[in-house]
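Protein sequence lines correspond, in order, to chains A and B.
Here the first sequence is numbered in this note's numbering, starting from 1 and rising by one per residue.
Here the second sequence is numbered in this note's numbering, starting from 550 and rising by one per residue.
Hint data in this document are derived by calculation from the structure and do not stem from the laboratory.
A portion of the hints provided could be inaccurate.
With the C-beta cut set under 7 Å, the calculated list includes, among others, these residues of chain A facing chain B [to be verified]: (1) Q151; (2) E245; (3) L249.
Glycine included, C-beta positions come from ideal geometry on N, C-alpha and C.
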Amino acid sequence: MQRRLRGTAIAASLAVLATVAAACGGDGGGEPPGEAGRAGGTFRLGIVEPTAIDPYNSQESEGGLVTKQLFVGLTGVNDAAELVPGVAKEWTANADCSEWRFTLTPDTKFSNGETVTADSFITGMTRAGKKSAASDVAYHMAGIAGFDKLQDGSAQTFSGLSAPDPNTLVVTLSAPDCEFDKKTSHTVMSPVPSAAGEATNAGFNEMPVGNGPFKMAEPWQHNKSITLVRNDQHSFGMTKLDRVELTILNPNNAAELEYQGFQAGQFDWARMPPEQLPAAKARYEPMGQWLHEDTNGMNYLLPITEDGEMASKEARLAVSYAIDRQAIIDGVFKGFQTKSTTIVPPVFKEAYQQGLCTSCDKPDPTLAKDLAQQAGLPPGTNVRLAFNTGGGHELWTQAVKAQLEETLGWRVDYAGEPFDEMLEEQRQPKAHGLYRFAWGADYPTPDNYLFPLLATASINKDDGGTVNGDNRGRYSNPRFDQLINQERASQDDAERVRVIKEAEKLALDDMALIPLWNRSQYRLFNAQQFTGGGLDFNEYPPLATISLK
Amino acid sequence: MVTFIIRRVIQMVIVLLGATFVLFACLFVLPGDPIASLAGSERARDPAVAAELRQRYNLDDPLLVQYGAFVWNFAHGDLGEDYAQRRPVNEILGPKVVNSAKLAGVAILIDVALGIFAGIIAAVLRYSFWDVFITLLTTIAIGFPVFVIGLLLQQTFALQFGVLPLFGMNDGIKSYILPATTIALVDAALVARLMRGTLLEVLRADYVRTAIAKGLPRRTVLSRHAMRNAVIPVLTYLGISFGGFLSGALITEAIFNWDGIGLALVVAIQQQNNPIIVGIVAYSVVIFVVINLIVDLAYAALDPRIRLS
Numbered sequence: 001m002q003r004r005l006r007g008t009a010i011a012a013s014l015a016v017l018a019t020v021a022a023a024c025g026g027d028g029g030g031e032p033p034g035e036a037g038r039a040g041g042t043f044r045l046g047i048v049e050p051t052a053i054d055p056y057n058s059q060e061s062e063g064g065l066v067t068k069q070l071f072v073g074l075t076g077v078n079d080a081a082e083l084v085p086g087v088a089k090e091w092t093a094n095a096d097c098s099e100w101r102f103t104l105t106p107d108t109k110f111s112n113g114e115t116v117t118a119d120s121f122i123t124g125m126t127r128a129g130k131k132s133a134a135s136d137v138a139y140h141m142a143g144i145a146g147f148d149k150l151q152d153g154s155a156q157t158f159s160g161l162s163a164p165d166p167n168t169l170v171v172t173l174s175a176p177d178c179e180f181d182k183k184t185s186h187t188v189m190s191p192v193p194s195a196a197g198e199a200t201n202a203g204f205n206e207m208p209v210g211n212g213p214f215k216m217a218e219p220w221q222h223n224k225s226i227t228l229v230r231n232d233q234h235s236f237g238m239t240k241l242d243r244v245e246l247t248i249l250n251p252n253n254a255a256e257l258e259y260q261g262f263q264a265g266q267f268d269w270a271r272m273p274p275e276q277l278p279a280a281k282a283r284y285e286p287m288g289q290w291l292h293e294d295t296n297g298m299n300y301l302l303p304i305t306e307d308g309e310m311a312s313k314e315a316r317l318a319v320s321y322a323i324d325r326q327a328i329i330d331g332v333f334k335g336f337q338t339k340s341t342t343i344v345p346p347v348f349k350e351a352y353q354q355g356l357c358t359s360c361d362k363p364d365p366t367l368a369k370d371l372a373q374q375a376g377l378p379p380g381t382n383v384r385l386a387f388n389t390g391g392g393h394e395l396w397t398q399a400v401k402a403q404l405e406e407t408l409g410w411r412v413d414y415a416g417e418p419f420d421e422m423l424e425e426q427r428q429p430k431a432h433g434l435y436r437f438a439w440g441a442d443y444p445t446p447d448n449y450l451f452p453l454l455a456t457a458s459i460n461k462d463d464g465g466t467v468n469g470d471n472r473g474r475y476s477n478p479r480f481d482q483l484i485n486q487e488r489a490s491q492d493d494a495e496r497v498r499v500i501k502e503a504e505k506l507a508l509d510d511m512a513l514i515p516l517w518n519r520s521q522y523r524l525f526n527a528q529q530f531t532g533g534g535l536d537f538n539e540y541p542p543l544a545t546i547s548l549k
Numbered sequence: 550m551v552t553f554i555i556r557r558v559i560q561m562v563i564v565l566l567g568a569t570f571v572l573f574a575c576l577f578v579l580p581g582d583p584i585a586s587l588a589g590s591e592r593a594r595d596p597a598v599a600a601e602l603r604q605r606y607n608l609d610d611p612l613l614v615q616y617g618a619f620v621w622n623f624a625h626g627d628l629g630e631d632y633a634q635r636r637p638v639n640e641i642l643g644p645k646v647v648n649s650a651k652l653a654g655v656a657i658l659i660d661v662a663l664g665i666f667a668g669i670i671a672a673v674l675r676y677s678f679w680d681v682f683i684t685l686l687t688t689i690a691i692g693f694p695v696f697v698i699g700l701l702l703q704q705t706f707a708l709q710f711g712v713l714p715l716f717g718m719n720d721g722i723k724s725y726i727l728p729a730t731t732i733a734l735v736d737a738a739l740v741a742r743l744m745r746g747t748l749l750e751v752l753r754a755d756y757v758r759t760a761i762a763k764g765l766p767r768r769t770v771l772s773r774h775a776m777r778n779a780v781i782p783v784l785t786y787l788g789i790s791f792g793g794f795l796s797g798a799l800i801t802e803a804i805f806n807w808d809g810i811g812l813a814l815v816v817a818i819q820q821q822n823n824p825i826i827v828g829i830v831a832y833s834v835v836i837f838v839v840i841n842l843i844v845d846l847a848y849a850a851l852d853p854r855i856r857l858s
């Protein structure tokens, strides 16, 4: 099955490598492949049992970590949150962004030797989009024509996808989307070999075969381990590591187990439980094994803006002025968070507008009290503050509660609930008050913060009034919608950034979301044995470029 | 005796049906739709996907219809598919049950060895230093929460001295030592005290004094006459403990990353992964009833005065 045409494969790889390197213009972080560091080595880390590693349903971060090592899609994302070529070496859209054309690098291979063609992508995307797959991530393809028919079972083929020749993929959209290319970096749009079969093919679910830097050494050992070995058929760059061993840890205390494992020398990469961060930093930063990144994610308080105590802008501003973010960061998080003043995270360098939220910088009790009065929420008013249990949010939400009660004299109705329950509550017509909220973009674009969370089209109420979209705060501002639509229709990067910034400012003036702190991530990396550690855009270790020292 | 066993089996079926029905009803009325939300994610499932899954798992049927379907499948050994990974529950729980059973097996051995041995020493050497020492030790051990014992053992023997594996099942018999000891320690303390108590009582009995008077060596008196009677209540207790061990030791499993059903139950509850919850509870009920049956039979075997009625 494994044809090792050494000479041809290496020559072809180097040629492709040169093209890719030229096209990329360099990625941030990690060594360029083929240079420093020697081949070999086994990299060990711990993850929690994923829901799925087959690209048809790979959804959360641990599933994505494995899938990204097994598959390369049309595009990828570099550390600077920029879209870079994957299998597709270039792509264009027509005038109104309703049709996209991807030109693939020819003759790239799956790990079983099969050639990757445009049809491989069509196969992968169709099997994920079918009704019978019931994929939780198929919705990323919702903009492609024919998706609805595929999802409701009336079609078995994806009419919006076509391959006029083996190295060209044409995608027709049901509505124009000038950032559709950003969506193609999601694992659901991975190519699959013809052996993949339907999404319900358990063999492929347990041991997917892809075109990525690694391949499965053996089927997924549920709740035990996933073992990857280098894919020598990989057509994009020379991966150095021989093996990656992922030990599967139980979800309740995975961070503790990872940290202990790192201390005992069993893992080369680890998260840490929040309370251990100061001790870990003191011990490992001098050794150069400490990693910190503010990544693709933000923490907010979600106000329900349609009804209830947070319906007015003054009420929300009062909350924002009353909260002393730095005090919470210093007291609860021991300084291990960065206060945020925006809705869009700093990882999007061009669109980031630091300091945009003036109320986020420092608390202003007098102004807060004033605004609360204006909002008709005098001292003694009941205000709801809910959060999900099991996420370690008890301490900081209690601090927020205390600050609101002290500064504004409100009676905070404080509730910790299981995540599912909280989600349900937010969706109900009678939801009101403030909720702990966090968000991360699926695609490398600030639009993926503003549109799903704040556009009217993202509310999606059903007949009973339940919110099905992600805009559970029900923020609805026609001017904001206008700006967002303008941004989405533009093919000009500079104009998109300009309009996005304006939209974000509008939303923050309305305090549609109350920013708290960025998503700061810390990891330990075994720099004594390995080089090339860092966090990529998805917070994964860059396994394709990590190597032995 | 055969009728006794048959009667107990019928009782087990009734208990099983009752327990699973109550559980089903509780899960049915719980707020929140297990299908609508994605476990561990910030967003709600796509309504089309949620609808497809509700249909696949017959969640729109009334409670009795769903329960009837469950019983029918259960009788055929099919526990359905879980909601998160959509794999057969049997496939998911099988290895976990085996892992928990293996750990329980080692734990009960430690429990028996430590507990009975300590209890005998304390009883036979009553009021001596050893008796006082053991009584004190058991009192302290009973007061220790399981997670403290587990973490202490782990920190000392795995992290500090590095002689035993930190967590997981990968190092053969060495992997079992720390988790099994964690589970067994508190129970062994209770067993020791129970053993001491029953043995002391038996040693005071007339027939024991007669045996000693007849000139039998102490050891024979102990093993042939005293222990047989003293051990009966202890065995009953051990049987129930074993049943408890088999149902999984949640905290120990978490600390030592042991893939067993205790932790699986907690995770399933958090995820509202109902098929797993029902599967584990059904298994636990069966285990308890079977263990109780065995204990009762052993009781009768050990003491001919007891009639199985």
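Hint-by-hint comparison with the structure:
no. : hint : result
1   : Q151 : holds, 5 Å
2   : E245 : violated, 11 Å
3   : L249 : holds, 5 Å
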